[in-house]
Structure formats: C-alpha cells, structure tokens
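Given chain G, work out where chains D and F should sit, using these hints.
Chains as they are written, first to last, in the working numbering: chain G, 1165 to 1779; chain D, 15 to 172; chain F, 8 to 422.
Just so you know, these hints were derived from the structure itself, not from any lab.
One should not assume that every hint holds.
What the hints assert, rightly or not - Across the chosen pairs, the derived CB separations fall in these ranges: (1) G:PRO1482 x D:GLY131: 44 to 54 Å; (2) F:MET406 x D:ASP71: 33 to 43 Å; (3) D:GLY130 x G:MET1165: 22 to 32 Å; (4) F:LYS77 x D:SER95: 49 to 59 Å; (5) G:ALA1178 x F:SER63: 47 to 57 Å; (6) G:LYS1449 x F:MET406: 52 to 62 Å.
Claimed, not checked - Listed next, the in silico EDC-like pairs over lysine to aspartate or glutamate satisfying Cα-Cα at most 20 Å (straight line): (7) F:LYS206 x D:ASP119; (8) G:LYS1658 x G:ASP1646; (9) F:LYS65 x D:GLU96; (10) G:LYS1170 x D:ASP43; (11) G:LYS1776 x G:GLU1704; (12) G:LYS1375 x D:GLU59; (13) F:LYS402 x G:GLU1378; (14) F:LYS121 x F:GLU263; (15) G:LYS1281 x G:GLU1293; (16) G:LYS1486 x D:ASP132; (17) G:LYS1739 x G:GLU1649; (18) F:LYS319 x F:ASP140; (19) D:LYS137 x G:GLU1378; (20) G:LYS1486 x D:GLU39; (21) G:LYS1739 x G:GLU1588; (22) D:LYS137 x G:ASP1393; (23) F:LYS77 x D:ASP82; (24) G:LYS1658 x G:ASP1736; (25) F:LYS225 x F:ASP236; (26) F:LYS248 x F:ASP140; (27) G:LYS1479 x D:GLU96; (28) G:LYS1373 x D:ASP119.
Each residue gets a CB set at the ideal place from its N, CA and C atoms; glycine is no exception.
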Amino acid sequence: MAWTGKILRVDLTAGTCTSEPLNMQWAADYLGQRGLATKYLMSEIDPKVDPLSPENKMIMATGPLTGTSASTGGRYSVITKGELTGAIACSNSGGFFGNEMKNAGWDMIIFEGKSDKLVYLLIQDDKAELIDAAQYKGASCWDTEEGIKAKHGDAFIRVASIGGAGENGVKYACIINDMDRAAGRSGVGTVMGSKNLKAVAIRGTLGVKVKDRERFATAVAAGKQVLADNPVTGTGLPTYGTQVLMNVINESGALPTRNHKDIQFEDAHDISGEAMHEPRKSDGKPNLVSNAACFACTIACQRVSTIDRTHYTVKDRPEYHKASGGLEYEAAWSLGAACGVNDLDALTFANFLCNEHGIDPITFGATLAAAMELYEMGVINDENTGGVKLNFGSAEALTTMVEQTCKSQGFGVELGLGSKRLCEKYGKPELSMGVKGQEFPAYDGRGIQGIGLAYATSNRGACHLRGYTIASEILGIPVKTDPLETDGKAGLVKAFQDATAAFDSAGICIFSSFAWTLDDVAPQIDAACEGDWSADRLLELGERIWNMERQFNLAAGFTGADDNLPARLLKDAAKTGPAKGKVSGLETMLPEYYQLRGWSADGVPTPETLTKFGL
Amino acid sequence: MQKSLHISADDCTGCYQCVLACSDEHGYDFNPMKSVIQVFKFEDEGRYVPYTCTQCDEAWCQKACPTDAISVDANGAKVVSEALCVGCKVCTIACPFGTINYNADSGKVIKCDLCGGDPACVKACPTSAITFVNSDTAQFDKMRAWAGKTDAGTQQSN
Amino acid sequence: MKQADYVIIGAGPAAVAAAETLRRSDRDGTIAIISRENISPYSRMALPYFLTGQISQKGTYLRKSSEHYKQHNITLYHATVTHVDPQKKHLHLASGGRVSYGKLLIATGASPIKPPLPGLDLPGVHHCWTLDDAKAIAARAGDGANIVLMGAGFIGCIILEALMSRGAKLTVIEAEDRMVPRMMDDVAGNMLKSWCEHKGMTILTSTRVASVADAGGKLEVTLDSGDSDVVDLVVVATGVKANIDFASDMGLEIEEGIKVDHHMQTSLTDIYAAGDCAQGRDFFTGLWSVHAIQPTATEHGHIAALNMAGRKAAYKGSLNMNVLDTAGLISSSFGQWQGVEGGESAQSIDAERYRYTNLAFEGDRLIGALTIGRTDNIGILRGLIQSRTKLGVWKERLMKSPNRIAESYIANTQM
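Isolated chain G (complex conformation) (with noise of 0.2 Å):
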C-alpha cells in the first residue's frame, strides 16, 4: 500500500524522536497530507493556541501517491497553526523533498515543543535524530542545504530550512527545500522558526510501494497521457510556466497593480512569462535558462532563470550569477504588478532572495504595495524608511527592503510584519490588501468575481490554490464561465475547493488539475491504496476536509465575519479594463455559498453538516 504506514514524532524540547503508527481509519477518512495532517493538528492542539508557542504543533505530511510514479506525486505539506494568519495553515512543496520522507519510510513527521538551542533533524531511513545547528543560525537556506550535505558527505540528501528570516520571526517566514521549493504561504517557516528548528534532512533508501503494481503503471501512464494531451499542461506551463497568466490576466483586467489601486499594468509584457524569453541587450540571452519539473512530474513548469551579469543588483555580486528558480506567475506579480515595477531583473533579483532567505514573496510583495502607498499618502516617509524612496515603480526600493527584510535591518524589520500588522500599526488597515490577515494573490475579485469568493472563504487567508477559479473563468476549465459574472460562482468555488482539498491530500500537485479531474485521480490511488477509492469518495473527502478545516478556524477565534474583503475590492470600481466599473459581489455571492456548504447564515456548519461528515 502507499502509505508507509509510520509517523516519526519529534519532541523538540524532550529532543526524542518516536515511531508511532500511523491511524488507519483516519487515513481512510482523510487520506493524507493536507486532510490527514490536519486531522490529527486538531485532535492534538488547542485551536486557540498562540502559533508560536510551544504549544502547537509543525506536520510535514505526504500523501500515498508522494513517491510514486504518479506523475506530480512528490508533494508534501507543512500543516500548523500559521503565525501570518491565526488560522489553519498548509502549504504545499514541490521538489524532491516530499519523496525523500516517503523513501524514508514516514507519512508525517509531528514536530511539537521547543527546543532550547538551534537544531536540526537528521533523518536516515529508520534512523532519526536532532542535531546542534548552532553553525548554521542565521545562515540561509542555500548555505544551510548546501552545508548539511556538505557535512555528512551526501550529495543525496535532501534538505527543508529556514533562512534567518525564519528564525528572527519574520511573520511570512517560508520553508524551501532544494533551494528553490517553498512551502511559501501563512508563515509556516516563522512557527518552525518558533520551534529553534533550522533544518529537516532526510535521505531515504527503503521505496515506496503501491498496492496493485500493474494497475497502477495503467492508471499512472493513462494519467501522464492525459497531461501530455491538454494544452495547458502539455505545452503552456512547460513552455511559459505559471507566468504564461501574466499578459492573459491583465488583459483579463484582473491584475491587481500598485496595492489593488489598479487593475490592469501597463508594463505587464516586460515582466511576462514571454519577456523571460526575449534576448536582453546586454549578452542577448533570455532571462530564462530552461524550465525544470519536480519529483516524477511530467508537467515541468518550474522556471529557471538568470540575472543580466551587468545589472545593478548583481554586477559586484558573482553569487548571483547562478541560474535559480523563478519567476513564477504569482512571485512576478507581487514583486512586479503589486508594486509597479517592471524591470525583470530586479524581480529576478528579489525573488532569488525569497528563496535563498525563505519569506513568502507574494506577502513580501504585497506588504512593500502596501509600504508604498502609506509613503505616497505620506503617513510614513524617510525617516522610518531609512532614506529609500518607496515609490511605486522603483526597482531600486524593491531590491533594497527585500535584503532588509530577509536580513532583517532597517525598514525591512517592518515590512518583515506582513501588510495587516503594518497597515495596522500607521493607522491604516484598510490598505492592507487580504483576507484573514494573508495577502492576496496575482489575480482582482472585481475583475474575476469567483476568485474574490474563493480569496473571501479561504480557510489559510487569502489564496488562489484553495479554489482556483481562475481555471474555468480565465482558461475555461473544465467549461467556461464569465469572470464578472456572479451568478453560479457560489458552487463553482465550493466544487473547486472541495477538489481541491483531495488533490492536496494525495500527494500530487494541484497543476494536474488543469487536465486532471477527480475521474483522473481515482484510478491511480485505487491502484495504490488500500480500500476502494472512486471520484465521488475523493470529492466527499475533500467537503469533509474542508468543513474539518473550518471548524479549527472557528474554534480559533474566526467568525463568518472574516469571510471578507477590502473595501477596496468592494467600493471602489475597477479603473480600465473589462471590469471598468465593477466592485466585487460578495456580498451576493456569500450567502449562496453558506448555504451550498449546509452552514448557517453566520458561516458555521450545521449539526447536520457536521454528522454527515463524522466531523
């Protein structure tokens, strides 16, 4: 079967690392990673617990189809309280790290406590231990991946940290592991950082098995084919990546530019997935150096790209002259679109930083929007700025507080507290542009109005990838819907998000859901899993994750009041574009969407609710 069956639990202030097995019936019931995670955070943590105290607990999670063939199977999650938010956090990675814990024979690894010095966790198959880190504090998370392998003579290791950003408690802290893969959203790097754990190493030998060998290779090579054969999975994202949205979504006028104040860029080509592939003056190389895939993904949308040698950020710093990860869609945008820069080796630049420091760049970016438009308004100026002109559009403003923030110094400290805490502390939290204290994405709910519903009802705060609408409003799948319309939004995001909770907690990434639906999905965890697994399982299972995600919100305090947005987004009319005088529809979409769940009118699901789905 393809789960491993094992938990690794990990007492950080006892500093012991215990087997345990892993609970079938909720396996069963929540399959993994997300679901399953989750399940056990909230029969293990107070809700209301302060995220970072040593109270709450830090899963990285697999699920059955990590580790397998299947093609995108090599996801894993980190599931926690999240310090950003207050509210249920998981954020999903890609790479290669995912499968090494599966390889190593662990479904879950429960961090809990705190330990008293800096440590990491060495994992070598059944052989788990906690090291003295102390030589890597403050180091990033290039330096400490690359001396971790270094140290045990193992260029096999695979290796998820923090940078310092992590450990100085910058609130949207993320964890990356080989050097560019983020679990990026909700600060779940500031918790692990909470935790004085600086690293998880893992090098696993054992393999992972699935139930039915042969009925998996059909299901697995049938699902391949189905990626291989959709335009989007199949030649979009391996040709533009994520960034083939950054021309389609503007002209969509959905692009949120300068803090939401508008909607569509005006220099959006130049930090485009099509720009990354235009020559620059300078050596007449694109930015972009070649596209990469995950662990057994056949999609490979991942970008790599370089910085032009000459360019102000790095023509005295030979570091950076490397080929690295990025520009994705959503990291282009929020260092870009958000803050009204267009020079692409600038957003180069700062994204690099992201990974190598590890903060969240859509929060970076969102929160340094924000940062500009208080300085425009003039409610915070140069002396608490540190000199630096944070207009909008000033590449140098940008590249400047990414350092400070990921090093934390001057301003950077500041922006380091995410936009709410910092809109909140100048007096002015209305500008802080998010849902539940977790900044926006690269996509406008006047513009396309499913989103703004999706971003709204969120269990992590704002987020695209728990109901991307995006893909049937923008890009027409599975069947197209009109972005400004309302209308049928409510069921479209409640069919969205509850698919999406099984993706997340298979072991595959939610890509494949271009092409993929849960018909696609069903046959290879049936060939792999124990038991009989159908769709209409798989979507019942993700509507019972979701509400069980829901109920840990409001047991931690969140009311159906949270379940909003700006007023932004919901007074001010979109500028241009084809939204051009349109707010968000919230406010009819909500109710319906209450409804569709079984929940009341405040947004609590009801008893019947709650039985059907044994929560």
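The following block gives chains D and F in isolation, referenced to the frame of chain G:
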C-alpha cells in the same frame, strides 16, 4: 543488432520518471536509490543530466570481475549474474564512469541491463530525452571520448 | 620434455587474462598454464565469501565452465616450477620434468609473510590465502570460538566479517597505529576501528604479538605488553611478498617484485611478468611499484599477452586503488590519497555516521581519494584521476563540498 540508450540532456527536465521506472522494473518499488539510471541536477546551470552505463566496449567491470559474474547479452548489455556475483565491489572502483554500484540490501552489484531489450526508462520519459537506438547511431561520443582518456593503456598503440 | 609457445606460471587473474588474450591474438599458438594448486583457477577476492558459506568452492573460480580452458585450447598443468633457464628457454619442475617455452609469463602472485615469531608453525595458526587455508579456518572458527587476527591490513579487514559471522569472538592485533595503514589515513583508520569496536571486536593498534605457544590443543597468544590470552585460532595476515624465489638466480632485475617495462617485459628477452609478482610502472610517478590488486593484475596480463603475441601495446601504468568491506563498512582508496607537495585536499568528515571523503588535488586535477561509507558512483574517482580531467570551476566546488564527486565529473564531461 546492438542497441544503446541515447541520452539528450537538453531535453531532460529532471523529473525522475526514468529513475522510478528503472527501480520499479527491477523489483525495487519506487526507489531512486536502487535505480541504475540517475539524474544529476545542476541547479546553478539549470541543467539536468540522465546518467547510466553506456555498455562500453572496454567493459572495465567485466574485466575486473574475479568471479566471471558479468556477461554480455544479445543486446550488448553487460549483465550481472546475481548467482555469481559475490559482492566484492572490485568492479565498482574499476568502472571509471561509476555506473556499476553496490547494493547493500542484496550484497551484489547492480547496473543497467537495458531491461532485456525494452528499457523501462525510455518508455517513462515524457520528453524523449532518453531513446533506444541502434548502436551505430548512438551518441555516446562524449562519454566514449572520455573513456579513451581513462583507458589504462590496454588498447593497442601503433 | 613438454613444450608450448606460451607458458604462463601461475593461475590467478593475471594468468587467466593473459591466456585468454593470447588466444584472441594468436589462434594457433600453444598455451600452457602451470599452477601450483591442483584446482581450477580461482580468485582470492572470493575467499571471504567462501569462508562465510555464501558461495561454494566453484563460486570462487575465475571461469565457471569446466570446459572453458579446453574450449580455448589452453592447457592447465599442476606442477611447481623450481627454476627457469632463460638461455635454453625451459623450466624445471619439482617433479623433475621440464617444459620449454617460446615466450614466458611469470604471474606467480604473492604469498603471505609469517613474521619471525615463536609458535607460528603450530596447528591452529593459519593464513587466509588459499582455498585450503579457508577450509582450515572454517573448521576452527565455529560459534563462540576465540580468534586472534594478526594484522589489520586489507586482507585482515576483508575477512573480519566472515570470521564474525561464524559467531567467533575476535581480537585484532595491528602493529601500526591504525587499521589499514597503507590504504587509509588517520581519520579513516580510526573510523574503521571505532566501527569494528561497535561490532563487538577488540582492536589493539600499536600492538605486536610476542609469541604463540601450545596450550593443550589451544593457543596461548602473548603480546609485547606481556598480556596473554588462550584462543582457538590465530589468523596471520601481516602482509605478502611476491612469489619470486624460484626466479632469484635467473638474472632478472628484481626489487619488491620483478621489474617490467611498459610492455610488461622483464629485463630478459621473451620473459614477461604480470600481477602481484610484477613491479610495474605507477600511473602517477612512473616509478616501479607493486600494486597487488585485481584490476592491475588483469591489465598487466592483458598487456603482457598482447606483446608476447607480437602486438605492441604500452601500459600507461597502474593506478593504486582498493575497495574494502570491513564488517559492512565500505571504504575505498584511489591514487595519491596522501596528497603531494604543493597540492591541496578537501575533507568531509561525519565520524558519528561513519562517512568520510578525502580528495587530494594537484592544481585543478584530482590525484587521489579516500572514502568511507559511500558506494554511489565511486568508480568516477578512478575516472577523474586517470583521465587527468581538469576540474575548472568544480575544483573550488569540490573543495567546499567534497561529496559532489559525480556532479563534477558529469559537468566536465557530459554538459
């Protein structure tokens, strides 16, 4: 007709599908550490290079084997006999490509056997970076050129 | 008098490789192998696995088919050569007979040395060198047996596990200050020692055996410290020397072995030498050196045979290298791991997990390496060293991360 794997690193995305297919085909489940094709990733250059035995003519592994455990099959593959290999590992230091490796679980060495003429890695590769071609058209030029440099001099001179 | 166009004295890997190459190069010439042991040519490398019972006697044979030599028209003689007459081109046998040769290859290998100590001729004191030795050890090394192993060199280490696996209690006595001193540096030698101690062995370095005495069927071993213990078996693995006594008065140039040029020819016409008894050119230094390892033996045999058959072939010199499995801990050494003057080295040491990599460079070329605890792609170390690959930017990367061996090779040759 002798056939060989033809590897085009330019087309590789580093996805490990070949690696997984290899370990699965040889009965090791999905286990990159037991695959005899590896993918080396060069993060700084954005390059991914699949790497396995070229079934070289020099056959260092075969010549170094003290127990006659390595033979050549109909496809030209140098194949390890599990029954005859004692696990002495001399071949693993003799092969200058490092493409024959010790497997501690079985106590034997493992290497690419071309899957008996139907390589699983080729079928699994989503970008055709690995193909199975007639040897006379195979492009192992770089590896072969290097093999010549490594040669201990057991080739005839003049 | 018997005669053959090609006569080979010895029946190890060098001899068999030579005979086979001769047959490929000369379809009709007569080929004779003269072996001291009355058994199909076998491999000493396989003896430890015979000792554990993992393989049968046949599993040690260099060629498995009983018809192999006959099929290739190679004649095997069981005889001991006592003397060679290079003028008359014939050999004298202990049996009194003679064999005349056209070309002669001396591939007699090496034999273990017995240090000049009292008691080493007693029953229960054995080398582990021949199949008969292995059988004798197996008979005494049963469950609970008390064994002293003299010498923690390559041979000693390789039989540790075999002895342990038979349930014996093992004490290892090594005169030098670390295990495998000729193949390992301090760090590595001590790592091996710690590993063996964790496996329950007693390892006494910088210690010598003073004497062995009969103790009523058992053996009393006394150390130079004065301590003594009564044991069931003493295995002597304190080194080997080339089997060249019979050739001492032939007029051959001999140091530690029979000196050969890059055609594997000795100082005498029509006489060649190969393998552990030959002192051939070292790949690096160009100086004469005995590299008693399997790959060198087969290369020597191959080159010698080509030249014997009239096909000029030159040897680039042998690279000293070894791989050793010490009770499950695998180590390897290549080339000039000690480093050279003006060179640089890079280490990665993880003593707690028994992992070690030590790379030695001269300029931006790798010239030697030691590893412990790694088996992945280690052959690349040979490749990098022997091809004299210029590492370029990878030199600095390896200095920082010595574990990136495979990447450094692939980046320099495949990209």
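So, going through the hints one by one against the coordinates:
1. G:PRO1482 x D:GLY131: 44 to 54 Å: holds, 48 Å
2. F:MET406 x D:ASP71: 33 to 43 Å: holds, 35 Å
3. D:GLY130 x G:MET1165: 22 to 32 Å: Holds, at about 29 Å.
4. F:LYS77 x D:SER95: 49 to 59 Å: Given about 22 Å between the Cβ atoms, the range is violated.
5. G:ALA1178 x F:SER63: 47 to 57 Å: holds, 52 Å
6. G:LYS1449 x F:MET406: 52 to 62 Å: Given about 29 Å between the Cβ atoms, the range is violated.
7. F:LYS206 x D:ASP119: Between F:LYS206 and D:ASP119 the Cα gap is close to 19 Å, so the pair holds against 20 Å.
8. G:LYS1658 x G:ASP1646: holds, 17 Å
9. F:LYS65 x D:GLU96: holds, 15 Å
10. G:LYS1170 x D:ASP43: Holds. G:LYS1170 to D:ASP43 sits at ~18 Å (cutoff 20 Å).
11. G:LYS1776 x G:GLU1704: Judged against 20 Å, a Cα distance of about 10 Å means the pair holds.
12. G:LYS1375 x D:GLU59: violated, 39 Å
13. F:LYS402 x G:GLU1378: The given pair, whose Cα atoms are some 46 Å apart, is violated under the 20 Å limit.
14. F:LYS121 x F:GLU263: holds, 17 Å
15. G:LYS1281 x G:GLU1293: holds, 14 Å
16. G:LYS1486 x D:ASP132: violated, 38 Å
17. G:LYS1739 x G:GLU1649: holds, 18 Å
18. F:LYS319 x F:ASP140: violated, 40 Å
19. D:LYS137 x G:GLU1378: Distance of about 15 Å is within 20 Å: holds.
20. G:LYS1486 x D:GLU39: Status violated; Cα separation ~37 Å.
21. G:LYS1739 x G:GLU1588: violated, 26 Å
22. D:LYS137 x G:ASP1393: holds, 17 Å
23. F:LYS77 x D:ASP82: Holds, because 17 Å separates the two Cα atoms, which is no more than 20 Å.
24. G:LYS1658 x G:ASP1736: violated, 26 Å
25. F:LYS225 x F:ASP236: Status holds; Cα separation ~10 Å.
26. F:LYS248 x F:ASP140: With Cα atoms ~17 Å apart, F:LYS248 and F:ASP140 stay inside 20 Å; holds.
27. G:LYS1479 x D:GLU96: Given that 20 Å is the threshold and the Cα spacing comes to 56 Å, the pair is violated.
28. G:LYS1373 x D:ASP119: Given pair G:LYS1373, D:ASP119 holds - Cα atoms ~17 Å apart, limit 20 Å.
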